[in-house]
Amino acid sequence: MSAAPEPEGAPATSGAPALEVRGLTKRFGSFVAVENLSLTVNRGDVYGFLGPNGSGKSTTIRAVLGLVRPTSGEIRLFGRPAAGPQTRAGVAGSVEAPGLYEYLSARDNLRLLAAADRRKKGSPPIEGVLETVGLTGRAKDKVRAYSQGMKQRLAIAAALLREPEFLVLDEPTNGLDPAGMRDIRALVRRLSGEGLTIFLSSHLLSEIEQLCNRVAVVSRGRLVAEGGLREVLEGAKGRPGYRLLTDDPEAARRALMAPGLGAEIRNADGEGEPGEIRLTTGPEGAGPVVRALVEAGVEVRALVPERAGLEDLFLRLTEGGSPGGGGE
Amino acid sequence: MMVRWEVFKLLRQRRTFLGLGSAALVPLVFLAAVEIIGGGPEAGEAPFAAQLLGNGLVIPLVTLAFGSVVLLPLLTVLVAGDAVAGEVSGGTLKTILGRSVGRSGLFWSKAAAVGLYTLAVVGVFVGVGLAAGWLAIGFRPLAGLGGAPIPVGQVLALIVLGAGLVALPLLALAAFALLLSVATQNSVASVVGGVVLILLLQLVSSLGLGGVLDPYLLTEQFSAWLNLMREPIDWAPIVASVWVSAAWAGVSLLAAWAVFVRRDVLS
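Protein chains in written order, with my numbering: chain A, 1 to 328; chain B, 1001 to 1267.
Take these hints with a grain of salt, some might be off.
If we take Cβ atoms under 7 Å as the criterion, some of the chain B residues that face chain A in the derived model are [said to hold, decoys possible]:
hint	residue
1	1095
2	1096
3	1098
4	1265
No lab work stands behind these hints, which were simulated from the structure alone.
None of the values given here were measured: they were computed from a predicted structure.
Ideal Cβ placement from N, Cα and C applies to all residues, glycine included.
If we strip away everything but chain A, and leave its shape as in the complex, we get:
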């Protein structure tokens, strides 16, 4: 890790994570927007940054992009302390709304932003990134006339002009219709497939679940969970729940109440669909339950794993056991 100044765009310190945040705190007056937040984004990750509105996501991203100065803590991009524009070589992205010049055409926006980068020879041409995000046909139009989805895509095009290795996307599907969301997600998958490390913030769990391999959850400026997507989701879900459908609910209930099975029935008789039983299994999962039912001669029509309600899960993570949690 040489301390010598590296020319912009020089290969980053090899092996260092794309982003390391250590103990980041940002106060605005007496308001603590982010408190002692640490996270690590490894190269190649599609890293989900999840939290409700006002949880400090955007402030964290602003600190990463050099727009706000941390009150304390450290941010490293590819191993280099983030300070000044030259340390952001290889980093691109946007925070909150796309922030484009509404009175300029899409092409002029890109020309202007390209001029604000000291571009290397062989940087991606403007027409190329317009093509990538599917805006070639509308490149002459003023951004003012663009839909929200087109603006989001143009913001991504602007980021791609920097040939980033690390792309920061803050709520890229915010305000989009389903087709717009699908386009953006397809684009994120494609970029990730091309080897970009992507840091994606969202308040939509389903989006994070579809796109990300690792995830951090923040609430009120604090990190409440971080890790692989599955671990974090499973950790938050607790024991898996199931829906059982049978023609003989009474016998089934009796079989399930057997001590030692550890199953727990969550709905009263007659509550829900006819013949429906909602249950939480014991620590060993569904196997012992099925065996017990079959042994009791209960015909099982279906035993369906219950997806923990994503919203429930989210609320549990961000409010339930979180430090400083409670009503707002």
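Mind docking chain B on chain A? Use the hints.
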């Protein structure tokens, strides 16, 4: 260099053309008024007015004297006050600062573009006045205050120099409006703030409240060019005005720069 692109942005905004257009329009309106009065029956009865109105060179001189009181300062702060605030409200400041350009580089590019706009306002204002005066009335030697007529070429040189001397305090005002733009991050507040500064300073000096500070008020510098019309030219107040304007500009720019490079960008 980013100056080019800052100018490019200005040239794509209506605000810029509102400023330049007004600078072009006012001399024309004045000329039209002069033409209407000049054609009236009383024209011959007032020799001073007749002589004044019978010379196209008077148009830029009179408009410059009037324009430097409120119009030119207003047109200057209109764009200077928006320079940073407009990018904050448009959400583009965070975008441009996410590129490789540093904050200092961006700031000085903006300052330069605002300066070029200010010079353009003065240039258009005086240029249109000259052109209109020449085409509609024609140039002839101007009766000097000392009595001897001043040749056309010399008057033209004095007008250009006078425009330059008005431009200096305007540039200082632009710098102050840029400081307001950086500090308030609000375009309207910056424009209004710049105008209020001008009106306030004019009030202070017209009520004689300035005392010893009077010569250092920014508004006083807008009339320094009138000393060019004396015979002989009184250079001392002109030189003083250059320094005072430079001091206002320098302090404002440095303060604006210091705030701009440190400030958190939250829009």
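Outcome of the hint check:
1. 1095: Residue 1095 of chain B check passes; min Cβ-Cβ to chain A is 4 Å, inside 7 Å.
2. 1096: holds (6 Å)
3. 1098: holds (5 Å)
4. 1265: holds (4 Å)
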